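Peer 1: Sequence:
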Amino acid sequence: MTAVLPAIRDFEAAARARLDPAHYDYFACGAGDEVTVKANEAAFARLALLPRVLRGAGSPRIGVTLLGSRAAMPVLVAPTAFHRLADPEGEKATARAAAAAETVMIVSMAATVAVEDVAAAAPGATLWFQLYVQPDMAFTEAIVRRAEAAGCAALVVTVDSPARGRRDQDVRNGFDDLPEGMRCENLRDDDRGTVRPIVMSPVISWEHVDLLRRMTRLPIVLKGVTHPADARLALDHGVSALYVSNHGGRQLDGVPASVDLLPEIVAAVGGAVPVLMDGGIRRGTDVVKAMALGASAVAVGRPVIWGLAAGGECGVARVLGLLRDEVEHALTLCGLASTHDLEPGLVRRC
757 MTAVLPAIRD FEAAARARLD PAHYDYFACG AGDEVTVKAN EAAFARLALL PRVLRGAGSP
817 RIGVTLLGSR AAMPVLVAPT AFHRLADPEG EKATARAAAA AETVMIVSMA ATVAVEDVAA
877 AAPGATLWFQ LYVQPDMAFT EAIVRRAEAA GCAALVVTVD SPARGRRDQD VRNGFDDLPE
937 GMRCENLRDD DRGTVRPIVM SPVISWEHVD LLRRMTRLPI VLKGVTHPAD ARLALDHGVS
997 ALYVSNHGGR QLDGVPASVD LLPEIVAAVG GAVPVLMDGG IRRGTDVVKA MALGASAVAV
1057 GRPVIWGLAA GGECGVARVL GLLRDEVEHA LTLCGLASTH DLEPGLVRRC
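Each residue of the sequence shown is one higher than the one before, counting from 757 in my numbering.
The set of hints was computed from the structure by calculation and includes no laboratory data. Check each hint, because a few of them may be wrong.
Listed next, with one range per pair, are the computed distances between beta-carbon atoms [unchecked claim]:
#1 Arg1105 to Pro844: 19 to 29 Å
#2 Trp962 to Ser825: 23 to 33 Å
#3 Arg802 to Gly949: 45 to 55 Å
Quick caveat, the model's predicted, so the values are computed rather than measured. The beta-carbon is built from N, C-alpha and C at its ideal position, and this holds for glycine as well.
Just need the whole structure built from these sequences, with the hints factored in.
Peer 2: This is how it looks when you write it as structure tokens:
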């Protein structure tokens, strides 16, 4: 990566030029007519910031601590699949960049590098592990044990996927499997020596969350919560954090934008647990808006992939660095000393 890329949009353009078109479409596309994909970004454009002045706030502090994990900025790496489609080093490169940025990487269950190898490639990285609960709970437990052994500090359980989203672009491109030599390495079954498919099952229920809580001492984050009633139920089942997400618009099309859902979820939990979110974040100002509306931190998925495709580890590091700089700049212009000073009155809906 030699060209100066000053914004996330530039990284997306560079990634599109470098990636196989079918692979670009896999990362970029959403379900159905992509109404939700578009809504995620458009919703941030409808939110305006109301800066305070003459505050004498100095340089802002943007570090956060989540579930015992310290991050130097309130931007985490969201779980995304198949990083080796973007760069030969795949999730190893992403983890090294996350470690350098001193933030959390959530390793996808559908990673093309095994979680143990991701951890070994980036000894300083803080890793969480994203899990789709499998109907075979013995296999689920085996995956959880691998995440624990690799040093993952939290379990991020995706709960919005009782079935796989229907993405028209993948169908048009005939993209239904990884290229030869790539596999979802966290799905490798030691007993059989094969890689199992990820089963997205409608039988997964709150009972499975309870089973996971008994299975592991890791904090459990529920990813994909969009309804306030489910947020309140999650508290009853002892989860440690909620993660507002519509899966980047890749599951059910027509779900509202994540940032529009955020305030209701924050209100439903009443500060009992941290609330994270992803979806449509492309600027540091988006991060600030989300945190003003109650997010404890945000996660970014596609921008990390664009950085990885455009420049490998250095590209991811640059994307994370851009977001960090933009968050600091936005807070300074808002007259705030810390992300802890953000509150809903600093945001107005246009």
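Peer 1: Each hint: holds or not?
Peer 2: Each hint tested on the structure:
Distance hint check: the CB atoms of Arg1105 and Pro844 are about 44 Å apart, inconsistent with the given range 19 to 29 Å. At roughly 25 Å, the beta carbons of Trp962 and Ser825 sit within the given window of 23 to 33 Å. As the Cβ distance of Arg802 to Gly949 is approximately 51 Å, the hint placing it in 45 to 55 Å holds.
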